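K.L.:
Fit chain B to the given chain A structure using the hints.
There are 2 protein chains.
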Amino acid sequence: MDCKEALTAAHDDLEKAIDYLRKKGLASAAKRAHRDARDGTVGTYVHPGAKLGVLIEVNCETDFVARTEQFQDLVKSLAMQVAAANPSYVAREDVPPAVLDRERDIYRQQLADQKKPPQILEKIIEGKLGKFFEEMCLLDQAYIRDSSGKTRVKDLVAQASAQTGEKIAVRRFVRFQLGE
Amino acid sequence: MDCKEALTAAHDDLEKAIDYLRKKGLASAAKRAHRDARDGTVGTYVHPGAKLGVLIEVNCETDFVARTEQFQDLVKSLAMQVAAANPSYVAREDVPPAVLDRERDIYRQQLADQKKPPQILEKIIEGKLGKFFEEMCLLDQAYIRDSSGKTRVKDLVAQASAQTGEKIAVRRFVRFQLGE
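So the protein lines, in turn, are chains A and B.
Per the numbering used here, residue 646 is the first one in the first sequence, and the count goes up by one each step.
Per the numbering used here, residue 646 is the first one in the second sequence, and the count goes up by one each step.
Source of the hints: derived by calculation from the structure; they are not laboratory data.
Honestly, I wouldn't trust all of these hints.
Identical copies carry no separate label here, and so any pair may be met within one copy or between two of them.
[As the list claims (entries may be wrong)] Below 27 Å or equal to it, Euclidean Cα-Cα: the simulated DSS-like pairs (lysine-lysine) are:
hint, residue 1, residue 2
1, 721, 768
2, 812, 768
3, 721, 696
4, 812, 696
5, 812, 795
6, 799, 768
7, 760, 696
8, 721, 776
9, 773, 760
In this text, all values refer to a predicted model and were calculated from it rather than measured experimentally.
Excised from the complex, chain A in its bound form (with noise of 0.2 Å):
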């Protein structure tokens, strides 16, 4: 929203936007805005038997870095990991407002019986949200290659992220299994 404002305060013109931020004290962000990953691959992974597949779009900033070992090695850990946890979306914050309000719905629902102060409930709820987003979202979840259970996904994408020195952000997935 804040680089949208500035755009419009500067007519379109990139550079004097970026003036604009900085100026409201947004230097980082504005950094950050020119910083996008903009660059990346387009990776695939078939599970054996060639009935299930997953297609991924995972970015970075440079082609250099796309083309390294390091992020062809993520690119193909996310894919993998897509076809074996099945996630529905990239991040929470994808998860649409009216399927949070659903799940709450159901929650509160279950709870409804043991007459816990509203204030324990909401905390309860919150717990179950937590474990729906680590079932749903790929960043959320466990990572299927660390039988620690330890590591998540988004700590996969932060390390390659170190190891590369760019931003490195997951866009987009597509999971086909055969005749679902």
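P.N.:
Only chain B this time, still in chain A's reference frame:
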């Protein structure tokens, strides 16, 4: 619709429903309904450079045929076709009515000054719609690897169907181009 009706009349007994359809002289339709393409392959194509990828599901009737070279070649060719020719739909039946209406409106406006008789106008509009299908619908597209431009993608599918003796259907595809 006939099948639904038949199933209702036969209280969801499939054999009885087929009898019902036979009596109604729809034996061949019943046979095809029975021979649903429920097996198949999920295939991928990634363009060199890994900035463009395709995921596709193609159905046939048995795993045996799904594993044949002919079928696998078809899946690969279709995935490459989607990558190169960027269709929006599998078949013309998949184009939403609203999109067709909008196209027809545009054509009508393009032709508004030409003062042609209405039936001629309608013919020109249907011709333009044919071109639209050839551009947007995978099965109606000219097959990219036939330089004569005479082979449509649906001919390719029909060919593979004749070779393998099974019903073959393109179920769905998705195409990711980096940053689009």
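K.L.:
For each hint, tell me whether it holds in the structure or not.
P.N.:
Results for each hint:
| no. | hint | in the structure |
| --- | --- | --- |
| 1 | 721 <-> 768 | neither (37 Å within a copy, 51 Å between copies) |
| 2 | 812 <-> 768 | neither (33 Å within a copy, 54 Å between copies) |
| 3 | 721 <-> 696 | both (18 Å within a copy, 14 Å between copies) |
| 4 | 812 <-> 696 | between (33 Å within a copy, 18 Å between copies) |
| 5 | 812 <-> 795 | within (23 Å within a copy, 47 Å between copies) |
| 6 | 799 <-> 768 | within (24 Å within a copy, 56 Å between copies) |
| 7 | 760 <-> 696 | neither (48 Å within a copy, 55 Å between copies) |
| 8 | 721 <-> 776 | within (25 Å within a copy, 39 Å between copies) |
| 9 | 773 <-> 760 | within (17 Å within a copy, 67 Å between copies) |
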